[in-house]
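Student: Read off the chains here:
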Amino acid sequence: MTTLIDWLITPLSYAFMQRGLVAAVLVGIVCAVVGTYVVLRSMAFFGDALAHTLLPGVALGYLVSGGAREPLFWWALGTSVLASLGIGAITRSARIKEDTAIGIIFAGMFALGIAIISTVRSYAVDLSHFLFGDVLGVSSRSLVLMAIFGGLVLLIILAFYKEFLTISFDPVLARTLRLPVNLLNNLLLVLIAVTVAVSMQTVGVALMVAMLVTPAATASLLTRRLPYMMVLAASMASLSGLIGLYASYYWGITSGSAIVLTATLFFLVVFLFRRHKQ
Amino acid sequence: MYPHTDHQTDQPVLDVRGLNVRYDGRSALEEITFHLHAGERVAVVGPNGAGKSTLFKVVAGVLTPDRGEVRVYGSGPGGHVCIGYVPQRSQVDWHFPVSVADVVMMGRIAKLGWLGWPRKRDWELVRGALATVGMSALFGRQIGELSGGQQQRMFIARALAQEAELMLMDEPLTGLDTPSQEALLALLGELQRKGVTVMVATHDLQQAAVYFDRVMLLNRRIVAFGPAGQVLQPEVLVQAYGNRLRVANGGTIAVMDTCCEGDEHDHAH
Numbered sequence: 406m407t408t409l410i411d412w413l414i415t416p417l418s419y420a421f422m423q424r425g426l427v428a429a430v431l432v433g434i435v436c437a438v439v440g441t442y443v444v445l446r447s448m449a450f451f452g453d454a455l456a457h458t459l460l461p462g463v464a465l466g467y468l469v470s471g472g473a474r475e476p477l478f479w480w481a482l483g484t485s486v487l488a489s490l491g492i493g494a495i496t497r498s499a500r501i502k503e504d505t506a507i508g509i510i511f512a513g514m515f516a517l518g519i520a521i522i523s524t525v526r527s528y529a530v531d532l533s534h535f536l537f538g539d540v541l542g543v544s545s546r547s548l549v550l551m552a553i554f555g556g557l558v559l560l561i562i563l564a565f566y567k568e569f570l571t572i573s574f575d576p577v578l579a580r581t582l583r584l585p586v587n588l589l590n591n592l593l594l595v596l597i598a599v600t601v602a603v604s605m606q607t608v609g610v611a612l613m614v615a616m617l618v619t620p621a622a623t624a625s626l627l628t629r630r631l632p633y634m635m636v637l638a639a640s641m642a643s644l645s646g647l648i649g650l651y652a653s654y655y656w657g658i659t660s661g662s663a664i665v666l667t668a669t670l671f672f673l674v675v676f677l678f679r680r681h682k683q
Numbered sequence: 006m007y008p009h010t011d012h013q014t015d016q017p018v019l020d021v022r023g024l025n026v027r028y029d030g031r032s033a034l035e036e037i038t039f040h041l042h043a044g045e046r047v048a049v050v051g052p053n054g055a056g057k058s059t060l061f062k063v064v065a066g067v068l069t070p071d072r073g074e075v076r077v078y079g080s081g082p083g084g085h086v087c088i089g090y091v092p093q094r095s096q097v098d099w100h101f102p103v104s105v106a107d108v109v110m111m112g113r114i115a116k117l118g119w120l121g122w123p124r125k126r127d128w129e130l131v132r133g134a135l136a137t138v139g140m141s142a143l144f145g146r147q148i149g150e151l152s153g154g155q156q157q158r159m160f161i162a163r164a165l166a167q168e169a170e171l172m173l174m175d176e177p178l179t180g181l182d183t184p185s186q187e188a189l190l191a192l193l194g195e196l197q198r199k200g201v202t203v204m205v206a207t208h209d210l211q212q213a214a215v216y217f218d219r220v221m222l223l224n225r226r227i228v229a230f231g232p233a234g235q236v237l238q239p240e241v242l243v244q245a246y247g248n249r250l251r252v253a254n255g256g257t258i259a260v261m262d263t264c265c266e267g268d269e270h271d272h273a274h
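From first to last, the protein sequence lines stand for chains A and B. The numbering used here numbers the first residue of the first sequence as 406 and each following residue consecutively. The numbering used here numbers the first residue of the second sequence as 6 and each following residue consecutively.
Bear in mind the hints are in silico, worked out from the structure with no lab data behind them. Every value quoted in this text rests on a predicted model; they were computed, and no experiment measured them. Each hint should be verified, as a subset may be incorrect.
[Unchecked claim] Selected chain A positions facing chain B (Cβ under 8 Å, derived; list incomplete):
no. : residue
1   : R497
2   : R500
3   : E503
4   : V577
5   : R580
6   : L582
7   : M634
[Claimed, not checked] What the simulated footprint calls covered on chain A by chain B, stretch by stretch (three residues with Cβ under 8 Å from a Cβ of chain B suffice, anywhere in the stretch; the number is not a length):
no. : region
8   : 410-419
9   : 624-630
[Stated by the list, open to error] What follows is a set of in silico ranges between Cβ atoms, one per label pair, in the way DEER data are often shown:
no. : chain 1 : residue 1 : chain 2 : residue 2 : range
10  : A       : G556      : B       : G81       : 38 to 44 Å
11  : B       : D71       : A       : L490      : 45 to 51 Å
12  : B       : F39       : A       : R497      : 29 to 35 Å
13  : A       : V427      : B       : D71       : 52 to 58 Å
We treat Cβ as the ideally placed atom computed from N, Cα and C, and that holds for glycine.
Just chain A, same shape as in the assembly:
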């Protein structure tokens, strides 16, 4: 028992590990709460595309700042907010089907990002961090930004809880109650974009969609009430974050993969358990 506690506690004497712990839990909570709406509104593909779309922005920032990590948050934030509103606008024009339009933008932007990064000499290592995350490399300044913006996302979700619930469940009712439905839809897109930027360093862009979708989907199998779904999803996601953090520390597994694998395992267990019960 003491060895297990030692095993868990000892790494936390390192400052980078403490930061990683806070980052993993924070990202888990924010992703899961926002992800509840991603799941309920069938926006998984949008979330996936959005995460991939911010790669060229981050890559450009990486070149401009000469490899420094801190400014990347701002590049990620700017790119993902622009991309979310851009994708939102394009999908509203009826010329091309929504998923096709998203697919084109997503792959094109991702390719551009890879192209930019590949011009840098140390590209294999850096690319892997962008794609799959590096929770052990989160700096204190990055962490402060993540906490501010992640907290802001949660605050807005709470403040507009009844409005987001209504536009998601019954857009026609929302319009008869004269809610600014388009504005709220765009606000939700921006919140997803901010979430993606906040989570980029912890889970990476390639696996981001899993953090948005998997914990919320797992929770949806366990409860049929939205507030419980959010709390359950957030708990499972932050637990996944913690397990991923230790896997990263002890076995050198890329943090994004470790976190996502844990979340997926949760889902499989719950899914099979529910099936067994029925």
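We have chain A; now place chain B onto it with these hints.
Tutor: Below, chain B without anything else, positioned relative to chain A:
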């Protein structure tokens, strides 16, 4: 935001003039003009594709007409939160993680305002609305567990909680068994006692004749609008339904809708 327009009570509940709506390049509604008085119960009948849903959405202020105007108590529908829209059941995601009370409380959100949370009075209105539709016991029930009739009554409760004065119901009777239909129709009388004006789209000409004060026969334009006895006559109905109308021996009228929702056979005497 959350606009609130005062009612001019000397004006009709609903006053629609010269409404024209085009949808996907074809005409959906042409020159619709009518008005409703407070507490009236109006059935809107007509073949599939006649524009019933479109008319309701324009009246609710959800869809903007190409021409013409809608006035609710003397002003455009966009400023009013007193219009309750009861959707077709097929348009709702019944797996959504909300309870009956959650859905009914949604009717209150315009009154709660931004950053407002439900207070005691809101919960009282929600409970009262559920009691009116006979669903008090289902307060905390997940919506996916409701029967068809209960689903429909929950939406009426939501419109009541919204304190709707004009209620638009899009085919609320479709797909319900006879007892559920009767419970719902009985509820219409209850709404009238509360002074709520009701417009119901329906396929059932017989129910339209029995339970409603006036019947609007719609086929992109208003073919006829008046008491059931005048509107539901073979020579009038044939103008809307054409060769889908069958008049059997003994004067029984049957309408065959050949469109989308399986075999619909609606009857009237």
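Student: If a hint holds in the structure, say so; if it does not, say that too.
Tutor: Going down the list of hints, with the structure as the test:
The beta carbon of R497 of chain A is not positioned within 8 Å of any beta carbon in chain B (closest approach about 16 Å), and the interface hint is therefore violated. Interface hint at R500 of chain A: violated, since its Cβ lies 14 Å from the closest Cβ of chain B, which is beyond the 8 Å cut-off. The criterion of a C-beta within 8 Å of any C-beta in chain B is not met by E503 of chain A, whose closest approach is roughly 18 Å, and the hint is violated. The beta carbon of V577 of chain A comes within 6 Å of a beta carbon in chain B, closer than 8 Å, and the hint placing it at the interface holds.
Nearest Cβ of chain B to the Cβ of R580 of chain A: about 5 Å, under the 8 Å cut. The hint holds. The beta carbon of L582 of chain A comes within 4 Å of a beta carbon in chain B, closer than 8 Å, and the hint placing it at the interface holds. The interface hint given for M634 of chain A holds, since its Cβ lies 5 Å from the closest Cβ of chain B, which is under the 8 Å cut-off. Beta-carbon proximity to chain B at under 8 Å applies to 0 residues in the region 410-419 of chain A; the threshold of 3 is not reached and the given coverage is violated.
Residue count for the region 624-630 of chain A with a Cβ under 8 Å from a Cβ of chain B: 4. That meets the three needed, and the coverage hint holds. In this structure the supplied range 38 to 44 Å holds for G556 of chain A paired with G81 of chain B, their Cβ-Cβ distance being about 41 Å. In this structure the supplied range 45 to 51 Å is violated for D71 of chain B paired with L490 of chain A, their Cβ-Cβ distance being about 29 Å. In this structure, F39 of chain B and R497 of chain A meet the distance hint of 29 to 35 Å, their C-beta atoms being roughly 33 Å apart.
Checking the proposed 52 to 58 Å range against V427 of chain A and D71 of chain B shows it holds: the Cβ atoms sit about 56 Å from each other.
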